[in-house]
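> In the order they appear, the protein sequences are chains H and P. Counted the way our numbering counts, the first sequence spans residues 8 to 275. Counted the way our numbering counts, the second sequence spans residues 811 to 966.
Everything labelled a hint here was simulated from the structure, so no lab data went into it. The hints are all genuine.
Heads up, simulated SDA-like pairs for lysine to any residue below, C-alpha to C-alpha not over 25 Å straight-line:
(1) H:97 x P:850
(2) P:893 x P:906
(3) P:833 x H:70
Cβ-to-Cβ under 7 Å is the rule here; a few derived chain P residues that face chain H:
(4) 814
(5) 815
(6) 819
(7) 828
(8) 830
(9) 831
(10) 834
(11) 842
(12) 845
(13) 846
Far from chain H, some chain P residues (derived; all Cβ distances over 12 Å):
(14) 874
(15) 876
(16) 878
(17) 879
(18) 884
(19) 907
(20) 909
(21) 910
(22) 914
(23) 928
(24) 941
(25) 942
(26) 947
From the three backbone atoms N, C-alpha and C, an ideal C-beta is built for every residue, glycine too.
One-letter residues, chain by chain:
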Amino acid sequence: MAAASELNPTSYIQHHLTFLTKTGESGGFWSVNVDTVVTSIVLGVIAFGLMWLVTRKATAGVPTRTQAFVELLIDFVNEQVKGIFHGEIKTIAPLALTVFVWVLMMNAMDFLPVDIMALFYEHVLHQRTWRGVPTADVNTTFALALSVFGLMIFYSIKVKGLGGWIHELFCSPFGSNPLLWVFNLLFNAVEYLSKPLSHSLRLYGNMYAGEIIFLLLGLWAATGAVGVIFGAVLSLGWSIFHILIVALQAYIFMMLTIVYVAMAHEHH
Amino acid sequence: MDINFTLVMQAAAFAAFVWFTAKFVWPPLMGAIETRQKQISDGLAAGEAGKQSLASAERRIADLLAEAKTRSSEIIAQGEKLKSETVDAAKQQARAEADRILVAAKAEIQQELSRARETLRNQVSDLAVAGAAQILKREVDAKAHADLLAAIRQQL
Numbered sequence: 008m009a010a011a012s013e014l015n016p017t018s019y020i021q022h023h024l025t026f027l028t029k030t031g032e033s034g035g036f037w038s039v040n041v042d043t044v045v046t047s048i049v050l051g052v053i054a055f056g057l058m059w060l061v062t063r064k065a066t067a068g069v070p071t072r073t074q075a076f077v078e079l080l081i082d083f084v085n086e087q088v089k090g091i092f093h094g095e096i097k098t099i100a101p102l103a104l105t106v107f108v109w110v111l112m113m114n115a116m117d118f119l120p121v122d123i124m125a126l127f128y129e130h131v132l133h134q135r136t137w138r139g140v141p142t143a144d145v146n147t148t149f150a151l152a153l154s155v156f157g158l159m160i161f162y163s164i165k166v167k168g169l170g171g172w173i174h175e176l177f178c179s180p181f182g183s184n185p186l187l188w189v190f191n192l193l194f195n196a197v198e199y200l201s202k203p204l205s206h207s208l209r210l211y212g213n214m215y216a217g218e219i220i221f222l223l224l225g226l227w228a229a230t231g232a233v234g235v236i237f238g239a240v241l242s243l244g245w246s247i248f249h250i251l252i253v254a255l256q257a258y259i260f261m262m263l264t265i266v267y268v269a270m271a272h273e274h275h
Numbered sequence: 811m812d813i814n815f816t817l818v819m820q821a822a823a824f825a826a827f828v829w830f831t832a833k834f835v836w837p838p839l840m841g842a843i844e845t846r847q848k849q850i851s852d853g854l855a856a857g858e859a860g861k862q863s864l865a866s867a868e869r870r871i872a873d874l875l876a877e878a879k880t881r882s883s884e885i886i887a888q889g890e891k892l893k894s895e896t897v898d899a900a901k902q903q904a905r906a907e908a909d910r911i912l913v914a915a916k917a918e919i920q921q922e923l924s925r926a927r928e929t930l931r932n933q934v935s936d937l938a939v940a941g942a943a944q945i946l947k948r949e950v951d952a953k954a955h956a957d958l959l960a961a962i963r964q965q966l
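Extracted from the complex, chain H is given alone in its bound form (with noise of 0.2 Å):
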């Protein structure tokens, strides 16, 4: 497609994995990589702005068909958070809302044709390497994990106090007995550091697995007619039970995110 050298299976997927990066003066950390950040912000703006629109037009009596797709969306986050979470939740639903709708909308970037796209990132953006699935980026997840990690701790010692916080660290789950000190603060470290690998790795696999069986599906399209029409059948399959992966893992990242909040509510 758009490698202008040797075209191989190889460098096909390479191209398509190779991100748009901007490298600092000092390199190494402090790079940028441009199309997840722009996608993602550009999905986020669309999304929310969206969104804010139907609020200035928000009415309690007769709502329109626009801002009752909204608000089943905002009743359906709110649901979930007040099944998991009981206390104030003025906070913590919104940030579960923002959470479903801005993953939902940069793993939806999965829907668009690879090849099609790489076409309209080269010739319309003008940029040879672009990568349109931001949550297939592991910085997007990861920033959003330990944001959601921040905010766990952040209210575990607001809740708790920080000696409170110091304490459950050294004294659960097993024992306040100094000989346990050493093992509880294993424990929980552990429990501490699983919950943003899991919670981004599980997101950023999945989006990143997907995106790379449609550029082995799109390969058939090497093969000739027949490989064409075979990939396209393939494509299309994966296409409709990526719908359900879409949508799964942004409500799986979101569901983990109240519960994380949630559980730095409660007191062991």
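Could you slot chain P onto chain H? The hints should help.
Okay, now just chain P, sitting in the frame of chain H:
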């Protein structure tokens, strides 16, 4: 998968979107939903109250109807009683009046009879005196025979 500054930018974008949602999207829509829920529940409660007041009004109507019925039947019974009393009184009065009239008539008849009898007696005695005078061919001194005449009159 290499971690770089993208992570920080994404976290910042995430924070901005959360702030935006929590400030501008969630409150008005949730407020609209809650207001509507309240309106609906208020409407349902009002409907329920209306139904109950209708039922109580119907009960009151039934009570009033029953009361009116008993009262009207009481009045009718009273009227009947009064009527029969009046009729009885009138009958009694009429009977008494009739009796009175009858008694008066009878007395009058009796009077008339005794008067007639008196007249007849006088006439008969006169006649008898006249007859006797004729038979005796002389005048009967009424004064002389007054006792006799009176005795005769008595016998008649």
